[in-house]
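Participant: Residue numbers (my numbering), protein chains in the order written: chain A, 1 to 147; chain B, 1 to 287.
No lab work stands behind these hints, which were simulated from the structure alone. We treat Cβ as the ideally placed atom computed from N, Cα and C, and that holds for glycine. Hints are supplied without guarantee of correctness; some may be wrong.
Claimed, not checked - Examples of chain B residues toward chain A, derived with CB under 10 Å:
1) I56
2) T197
3) E249
So the chains spell out like this:
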Amino acid sequence: MSKVSKSPWLLHYDASSCNGCDIEVLDCLTPKYDIERFGIINTGDPFQADILLITGGVNSQTESVVKQIYSQMPEPKVVVAVGICACTGGVFKECYNIKGGIDTVIPVDVYVPGCAARPESIIDGVVKALQILDEKQTALRQNGGDS
Amino acid sequence: MMNVVFVIAYLVLAPFIGGLLDGVDRIISARMQRRKGPGLLQPFYDLGKLFSKEMIAVNNVQLLLNLSYLVILMIAGSMLFAGADLLMVLFILSTADMFLIMAASSDSSPYANMGASREMLQMMAYEPLTLLVAVGFYLTTGSFHVGDIIREPVSAVAWMPGLLVGFMFTTAIKFRKSPFDLSTSHHAHQEMVKGITTEMSGTTLAIMNIAEYYEMVLLFGIFFLFFVNSTWWSWIVAFVICGVIFFLETLWDNVSARVKWKTLLYSCWSVTLVAGGVNILILMLVK
Chain A
1 MSKVSKSPWL LHYDASSCNG CDIEVLDCLT PKYDIERFGI INTGDPFQAD ILLITGGVNS
61 QTESVVKQIY SQMPEPKVVV AVGICACTGG VFKECYNIKG GIDTVIPVDV YVPGCAARPE
121 SIIDGVVKAL QILDEKQTAL RQNGGDS
Chain B
1 MMNVVFVIAY LVLAPFIGGL LDGVDRIISA RMQRRKGPGL LQPFYDLGKL FSKEMIAVNN
61 VQLLLNLSYL VILMIAGSML FAGADLLMVL FILSTADMFL IMAASSDSSP YANMGASREM
121 LQMMAYEPLT LLVAVGFYLT TGSFHVGDII REPVSAVAWM PGLLVGFMFT TAIKFRKSPF
181 DLSTSHHAHQ EMVKGITTEM SGTTLAIMNI AEYYEMVLLF GIFFLFFVNS TWWSWIVAFV
241 ICGVIFFLET LWDNVSARVK WKTLLYSCWS VTLVAGGVNI LILMLVK
C-alpha cells in the first residue's frame with residue numbers, strides 16, 4: 001500500500017493570526033521554496049486534506065470553525081500549529097477573547113514556533129508531520145477496521 | 001480482432017497514460033513557473049493515498065454516481081477505440097458528464113452545487129462544437145464510423161482545420177484547464193473551494209480522477225482521428241501532434257486567468273460559429 005506521506009494535501013486555516021505567518025505559509029508555495037516538490041498541494045477543502053496548518057491563537061469566534069474543519073478531515077490526519085500564537089497564544093495569551101494555543105481546542109501534533117515562523121521552519125514542521133502521518137496510517141491499519 | 005486488442009488496451013492502459021500525462025503536465029507547469037515540481041509518478045501516489053484514506057460518505061448515492069461516471073466514460077472510450085460510431089461516442093460522453101453533475105448536486109454543499117451548475121454551463125459551451133466535429137468527419141469521409149475515418153487516403157484535418165482549432169479551444173474545458181476551469185480546478189484556492197469535488201474525498205475522489213484520465217485519453221483519441229489516415233506513418237505524425245496539442249493546452253493553462261461564465265459561453269460559441277461553422281459551410285459547398 002502506498003504511504004500517505006507521498007502525497008500530503010494541506011489545508012491552511014487562519015484562526016486569528018495577524019497574517020504574518022499566513023504570508024510565510026503561502027511563501028512556501030513560491031518558486032524559491034516550492035513545497036509541491038514533496039507532492040504537497042495546498043487545497044482549500046477539508047474533505048481532501050491530510051495536514052491541517054493553523055496560524056494564530058484560537059478565539060471565541062474561530063473555536064467552532066477549527067473544531068468543524070478538524071472533524072471534516074478523514075483519518076489519518078495531523079495538525080501543525082504554525083507561529084507562536086498558534087502554539088501557546090503568544091502575546092495575545094492574556095486577551096479576554098483568546099482561548100490560547102490550538103491545543104486548547106483540538107490535538108496538535110507538531111508545533112512550529114516563531115513570529116513570524118520562517119518558511120524553512122514551516123517546511124521542517126510539515127516534513128516532521130509527514131512521519132507522524134505515516135505512523136498514524138500504520139496504526140490505523142493495525143487496528144483493523146475499514147480505514 | 002484488432003478492435004478487441006484496442007479496446008482492452010484502452011481499458012487497461014488509459015488510467016496509466018492519463019496519470020503519466022497528468023504527471024508530465026504538473027512538471028511542465030512547475031518548470032514554466034520556475035519551480036522543480038513533483039515527481040512524474042505523483043498522480044499515482046495521490047491515487048494510492050486517496051484509496052487508503054478513511055471513507056467519508058456524505059450520502060449513499062455519490063459513490064455510485066461517480067462509479068457510473070467512470071463506467072459510462074469507459075464505455076464511450078471503448079466504442080471509440082473499437083472503431084464504432086463517433087456520434088454515439090460523443091452522446092455517451094455527454095451522458096457520463098451528466099452523472100458527474102448529479103453526483104455533485106447530490107450533496108448539500110453550496111460550493112458543489114454551484115460547481116454542478118457551472119459544469120452544466122460548460123457543457124452548453126462545448127457541446128455545439130463537439131457535434132459539429134462529428135458532422136465535419138461525416139462530410140469529409142462520408143461516415144461517422146471511426147473504422148472508416150482512419151482508412152481514408154487523406155487525413156481529415158486537411159478538410160477540417162477550423163474544426164480542429166475549435167476543438168482545441170473547447171477541450172480546454174474538458175481538460176479542466178484555465179481559463180475555462182470554472183466548475184473545478186486542478187489548482188488549489190479558488191472562489192468556491194473545489195467546486196464539484198468539494199464533498200468528494202478518498203475513494204470517491206479517486207474514482208472521479210481515474211474517470212478523468214479515461215476521458216483525457218478518449219479526447220486525445222478524437223484528436224488522433226484528425227490526423228490519421230491509411231498510411232502507417234500518419235500514426236506517428238498523429239502521436240507527435242497530440243503531444244504538441246497537450247503541450248499547448250498546458251501552456252495556455254499557465255498563461256491565462258480564469259474567465260467569467262459569460263466570457264466562457266460567448267467565446268466558445270463565437271469560436272464554434274467562426275471556426276466550426278465556416279469550416280462546415282465550406283465542406284458542404286466543396287465536398
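Participant: Work down the list of hints and note, for each, if the structure agrees.
Facilitator: Here is how each hint holds up against the structure:
no.	hint	result
1	I56	holds, 5 Å
2	T197	holds, 8 Å
3	E249	violated, 20 Å
Checked against the numbered hints listed earlier, the structure breaks hint 3 alone; every other hint is satisfied.
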